[in-house]
Amino acid sequence: MMNQELIDRTMIGKVAKRFDFKFNAYYIFLTLLNLAALALAIYDAKGLLILFVTIGFSLEMRLKLTQREEQRITNELLEEILENSVPPGRAK
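One rule links them: number in the working numbering = place in the sequence shown (from 1) + 39.
Keep in mind the hints are simulated off the structure, nothing from the lab.
Just so you know, even glycine gets a beta-carbon here, dropped at the ideal spot from N, CA and C.
Check the hints yourself; a few may be wrong.
Said to hold, decoys possible - DEER-style ranges, computed between Cβ atoms: (1) E99 / L79: 16 to 24 Å; (2) E115 / N73: 25 to 33 Å; (3) Y66 / Q110: 13 to 21 Å; (4) V92 / E118: 33 to 41 Å; (5) L121 / L72: 37 to 45 Å; (6) K85 / Y65: 24 to 32 Å; (7) N123 / T70: 21 to 29 Å; (8) T49 / N73: 20 to 28 Å; (9) I120 / V92: 37 to 45 Å.
Could you build all of it, start to finish, from the sequences and the hints given here?
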């Protein structure tokens, strides 16, 4: 989580936060990968296949990152529920 806090302090992180856009190293990598594939597709028509593969890979990674974040939030909520639940007859 420390890396995310450092990214949030940069200008790009502040703009991403303002527009409610998630911004981390994975997204930087995927963006650069897709830009490189787009440049290859513009240079040579055979690069279209690589562009489609990289876009598919980016969509799959986005789905995995979203699922991981949702699972983390769910785990935090479950931990909070377990901490707040007290068996009958016991006080905190």
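Hints, one by one, checked against the model:
1. E99 / L79: 16 to 24 Å: holds, 20 Å
2. E115 / N73: 25 to 33 Å: Cβ of E115 to Cβ of N73: about 32 Å, so the range 25 to 33 Å holds.
3. Y66 / Q110: 13 to 21 Å: Check passed, 19 Å falls within 13 to 21 Å.
4. V92 / E118: 33 to 41 Å: Check passed, 39 Å falls within 33 to 41 Å.
5. L121 / L72: 37 to 45 Å: At 40 Å between Cβs, range holds.
6. K85 / Y65: 24 to 32 Å: holds, 27 Å
7. N123 / T70: 21 to 29 Å: Since the Cβ atoms of N123 and T70 sit about 41 Å apart, the hinted range of 21 to 29 Å is violated.
8. T49 / N73: 20 to 28 Å: Holds, at about 21 Å.
9. I120 / V92: 37 to 45 Å: holds, 42 Å
The structure fails to meet hint 7 from the earlier list, while all remaining hints are met.
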